[in-house]
Amino acid sequence: MVRAFVLLAPGGPAPCRVLYARTFGTPPGAGPGGPRQRLRRKEQLLVVARQVASQCQLLQASLGRPSSPQLPQLPDEPVSLQDAPGGVFQMSPGDPFPERVTVVWLSVLALAFALVCEPQENLSLAEITLRRLAPRLLLSLRLLGPGADVLLRPDAADGLLDRLLPHGQMLFLNERFLQAVDRELGLKVSR
Amino acid sequence: EAGPEAVDGLQRLHLSVAATKYPRKLDGKFVEQLQTVLCSPKSPEQIQVLCAAILREMSPCNDLVLSCDEIQDTKLLSLVSSVLLAQGSRGEVAAVGQRVVQGLERRLPEGQSARFLLPVLANVISLSPGSLTEEQTNVVSKKLADWLRYASIQQGMAQPSGGFFSSPRTKQPAPITEVDGAVATDFFTVLSVAQHYTQDQWLNVQAFSMLRNWLLCGLWPQEGCVSGTPLVPVPATPGRLLPPRERLRDKAFAYCQRLVEQSTRRPLKKEDGDLQKACLIEAVTIMDIICKQDSSYVCRAVSCLKILHSRICGDATYARALLPIAQLFLNHSKQAAVDSDAIYKHLFSDIPALLFHNPSLAFEFVQFCKDNSQLFTDSSSIFRQSFPNLFKFLAWNSPALISEFVDLLPFLLDPGTATEIFHLLLDLPCLTAALDIQLRAAALPVSEKAGADPAGKPATCLEAFHHPLYRSMFQYLLRSRAAPEDAPDSLVPLRQLLGSLAGSPRVVQCAETVPVLLELFFRVVAEFADGSLINQLVVLLLQRSDQLYDIPAFKEDVVLGSNLAMLCGLRPALVVELSTEILEFSGAVSNIQSKEAIFTHMAWAVGEFLSVSHDKRCTVEQITRFFETLEAVLFEITQLRPQASTPSCAPRAISVLMATLTKLAARSQDLIPRVSMFLSKMRTFVQSPAVTSVYCEEDLEEILIRATELMNLLKMPSVAQFVFTPPVASTRFQKEVNDSLPLALRMVTQLLEPAAGSMPV
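As they're listed, the protein sequences go chains S and C. The opening residue of the first sequence carries number 25 in my numbering; numbering runs sequentially from there. The opening residue of the second sequence carries number 300 in my numbering; numbering runs sequentially from there.
Derived from the structure by calculation, the hints contain no laboratory data. You may find that some hints are simply not true.
To be verified - Listed next, the stretches of chain S that the computed footprint assigns to chain C, with coverage defined by at least 3 CB atoms under 8 angstroms from CB atoms of chain C:
id: 1; stretch: 34-40
id: 2; stretch: 63-69
id: 3; stretch: 72-84
id: 4; stretch: 110-120
id: 5; stretch: 132-142
id: 6; stretch: 186-199
Claimed, not checked - Residues of chain S placed beyond 12 angstroms of chain C at every Cβ, according to the derived structure:
id: 7; residue: Val26
id: 8; residue: Leu157
id: 9; residue: Arg166
id: 10; residue: Leu211
id: 11; residue: Lys212
Just so it is clear, CB atoms sit at the ideal spot from N, CA and C, and this is done for glycine as well.
The shape of chain C in the complex, shown without the other chains:
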């Protein structure tokens, strides 16, 4: 019946059921048979496992008649439970829970171990926290406390191998040892070592493994899996045992304290070192939960962890444990009246700079920041001031952390940090390159480090790291704390030096995250920025537009242009206030080619906002000055015979410049004849042979149409003025205006040049 063919058949059946996501119908009788075979004590284990796998794969299953009530074998109970818990039915989950608690309560039959029941229970309370009664949770809590505290402290015996040569002598059981080989002098924990383990020692491991979950979700009363509902602790009456909940906390706390002590021993087996750290993290986390549930534990926890912190803070391999320690202090130190600033300072100032390249630590650190985002609202705090350090995590581990930083960035931004973060974001890929060099420099043998000749120029990035020419720039880029005043005059030399790393995959991955962050940056800053900050950002935008790290796609993707327009829309008066800077920028003809998007948006903004209705200080002289500057640029780029030195630019730039000049002329009507003459020359321009070879036909046609529309508009100056100076009250963004302007132009053109038969006479 149950031979290898059956195994083979079941395996194939499993594959065919699992391979598709669409429902496969199995015959109801067959499903029933699967269940029978599963539960039959005669079935070999492999067959049972396969039946369970198929039934799980088909879940939810209508034809399920499985029940765990009759099953005595704990391994089989665990297997059947896995099918029942897959059904997604609260009733089934509760039924499994009841049965498992029953199994734990009673004495199990010979040869059965409760070891296989605890994970089922953990799954039950995780899926459906309220499925046990108060009495049942008390039973479990009591057992857990016993297993945690009173497991045997002697090693188990090997399974008797039997046979002719087995020794009749009963060997004396050896005591358990610590991971460093010392004989254990206290109770058994997961960090206790033995050649063979007893059943209750297994239960100790299982109990600790599910302890955190149980404390959060299993204790009674419970309203879902809330982390640390503060329940009123029941004080111990002398002479009587604590109630189960309080007793479990007491044993659990002692267990955690013991783990803290055990976790800094030097393990004989290297792999145990990893487990020590995981245990340490778990122990501190559980202590935190216990403190939240019963504040009488806070003092003990805090003093224990202060000692621990001083032991491990210098050891980079324990760095991940610093996070739950800091969290516990954040949650409770006020109560314990303890000064924990040194802990936070070490965590935020030193750890990111040292361990940014550890992806797990990076992730957990950023999670910590997100979980404690309220810390960042205080702008003078160590947390907020450490943002340069935090960005190192992102610079190095961009794909994994970008979505976390999208959540975190808003908390780091305020009027005090905005400009510095703006620079930081634009230089983020640079930071990646610098971190790479820092790592490589640290890995060099000492002899090589002193090799650079300070008088000459460094030959490689690595040499430059310590070179006096570049050292302070590197230091600034790699700083740990916010330092707006310490910014060097320019990082341009450093960016150029790091150009050799611009193609490295890690740098490129980082560069890809910057556009998203910049968009978010401007969105958030727009909400709180005052006039002075907006002005500052506009000036920086114009400055930085050609001081970008030289990664090919980076310069295009970083959309500074539209954000510039947005800022101008927020505060139109800046066009007047920053007229010097804007004139300088707009007047440089080379800008139209090298920074086309920004130039175009800037020109648009000038046309849109340079008017008396936006700022009373706008004078005719200013309008004329802007006009002349932009007219010169337009003249330069629309020459009939472009020279080699003539910058080429997108047709859109030409259109925008024409529109802007027209708008300005509409406000200062002396300029109208100049614009009209210019626009009338555009026909010649688009038809000139040298030009038609550069631009495509549709683009040239578009330019001509636009020029004509604008010219026609200027024939009716009062209408033009109205069209080009919308009421200040409308604060819609430029997209709408841009969309409505061509429409308005076309309407007016149609009025002026009626097509045959289409207009009323």
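One chain only, chain S, in its complex shape:
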């Protein structure tokens, strides 16, 4: 299962920012209750985001790419995920989650998408899921255009996650099933 999904701006010189984050359930008895639980959740996700940003910057450097890529001219231009850098790393127990987690991430232009997975999760499927979420989020949240739309449209992000990652459950959807999902969501995704 996926414990959390994070959409972040890795920054470059600027510090990284979490633009949207969704956790899928809170393990009972895992820690303090009340407002501290919420604080802990927020901070854990920020730690993940920072680590993703750091890995992303290092990978961009090793590939010889500039760390702050240019946005495309037209907001509707289809974004190619062919060369989108991505990676996977592990975070040890206690840092920041009580149990070990594996983070799979993908970077598209100036943004990064990450899935925080339980150990032994199917990482191939996680990568596929990210590659499906990214363009659809970019599309429905109009992330490439000006304005901080994503922060004001959690419903659009939630709607996508409810179909492609319901309750943190990754789905083995072949292309036809994916088309059916896009139809349900009213999305026109370029193929």
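Given the coordinates of chain S, work out where chain C should sit on it, guided by the hints.
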């Protein structure tokens, strides 16, 4: 009521709640209203989603009165569950679980789909494995088995669009197809293709998606999410259905076998190829779990996977699937009495060399090694012998894999591999550069490959790759297996050649990981190394200290000096045993400049350990020889008028040399007059104009103070001997000794030169 302004308002509310990590208090009545709106059937979906998002964002929430008991709409139930499961309460999780199973058990109202309930259930058992009763898990297992096996094998119908032109004829439903377009001849799976899908086909997808989790955490009895608690399988009685748990395993296994067959078909849509591989990995993993739970499946699994392995082992795009296959064989092949060595050999010898540059494979491969670390304890095994291949993953993907290798390295180290791994670690950035060239050489068109002129010198690294001068060095660096005897005499030419790549980001990132690994290396080796290995490592340390890849920060960060001192501390006798090598090293004045840290630590070690109390074989001649060698170096670097050829060095080196000479003199008291005279000249040295321009005032003062202290100590030879020859029993590391020595010196100095009014008469 629920117009666009409401949407806008809720969105802004969500932002203000989410934007801060500190608690935002919302009015209790308002929270109640949010919940009411959420559950009201009149609310538009967007508003419901926003209310749920706000409530989740505020979790845990004291004012929650939400309950899923009354909700009939499955989509809404899923939404409300997302809020309840965010509370972190075991009771809430269990309540959601009960309600969902109830929803699955009963016949759902018209238009409702169970499709939205299964992910909720998966989340429930993942958060709190024991929250369902045995009866409930049996209900779910039975349904899952049915959905997996008996989904419709005909395509669904498009939603009727209605309208004037819709055709009144009922079209014949078409059969489902495979991903390669062939008509399917067996039951429906996630790799079945249709234009439109039926509800039960959706349930098939959901069921498989949660299957692994359910088998691990959902089956009864359960003590937490243990991977494969071996439960006693209930044999089938003829004429009767298997019990739910066993029946699910049976259907699940058949499903996985079908996926294995489907996953090597050539897909019409390229993207389906990725899913095929993911399905294959999942199928093999599930088979492994089933085999652990019921060993009667092992034979079938093994024979199925042997065939699969021979089909995919030559295809690099299926490489990631080789790992779960190998894992299943590791877990069960003993039982099936099957020889799986060929599988492991292919995995460890060929795959890393081919696919080190694939970051996902690299990660999963290293995980595999960590998960099966017991394999590495057998030093002759293929696993252990393949460590050069494993390091390729790290060399190429350093930032992502360094922490994994910190965990893995201890398992690779033993007396047989230590020296080879030592060299490998120091050459790790070189390996990165070599791998880069290997990749580029492989990408060249064939015509260009043969272009190099063997007689001349290669102009570029790329040309050098095939050039006879360098070929064997490249081959050694890029070897797949441990080969201590095949090491070429020197890799120096290769390192120099690769110098042009020393600035490449990937190489630099790799270089940054080496110091950490070296520290770990020495820490682990110190625990098992015997005398001969320690000696070997010291000699190598001295040799390699100037044979490092030329990356600016690399040479400084690689702290060989302190580790050298540590090894000497472990085995002081080596100072005597390796006196030839150490004398050679210490006598080369250039070393004090180019390898200052090591030189300083070596000099310190000589002073500390060259004594009869550490090794009975230490003779007066040896002490004198060391003394004279170091004295010559100190003389060279403390000339009053340094020439251009005089090496410059840190003041600390001077201090250590002085201290060492004093220590040696304390043990062979004939030398005392020579040292004393030398030390007395230090005042002139620090005051000489040529010297004051090179060193700063504090440093010179420190040198003078130290020289004075040492001189005073030598005025009381028996005390000096005591201070400088601590009992052998104390095996504290040098830091403590270094710290206590200045203190001892100062005490003695104060005794000898009492400051006015501070000492008792």
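Against the structure, the hints:
Counting residues of the stretch 34-40 of chain S whose beta carbon lies closer than 8 angstroms to any beta carbon of chain C gives 0, which falls short of the minimum of three for the stated coverage. Counting residues of the stretch 63-69 of chain S whose C-beta sits closer than 8 angstroms to any C-beta of chain C gives 3, which meets the bar of three, so the coverage hint holds. Here's how the stretch 72-84 of chain S fares: 4 of its residues keep a CB closer than 8 angstroms to some CB of chain C, so the rule of at least three is met and the hint holds. Counting residues of the stretch 110-120 of chain S whose C-beta lies closer than 8 angstroms to any C-beta of chain C gives 6; at least three are required, and the coverage claim holds.
Proximity of the stretch 132-142 of chain S to chain C, defined as three or more residues with a beta carbon under 8 angstroms from a beta carbon of that chain, is not established by the 1 residues found. Counting residues of the stretch 186-199 of chain S whose beta carbon lies closer than 8 angstroms to any beta carbon of chain C gives 11, which meets the minimum of three for the stated coverage. At roughly 10 angstroms, the least C-beta separation between Val26(S) and chain C is not larger than 12 angstroms, which violates its mark as non-interface. Leu157(S), annotated as away from the interface, keeps every beta carbon of chain C farther than 12 angstroms; the closest lies near 14 angstroms.
Every C-beta of chain C lies more than 12 angstroms from that of Arg166(S), the closest at about 14 angstroms, which supports listing it as non-interface. At roughly 15 angstroms from the closest C-beta of chain C, the C-beta of Leu211(S) stays outside 12 angstroms, upholding its exclusion from the interface. Distance to chain C confirms Lys212(S) as a non-interface residue, since its nearest Cβ pair spans about 17 angstroms, more than 12 angstroms.
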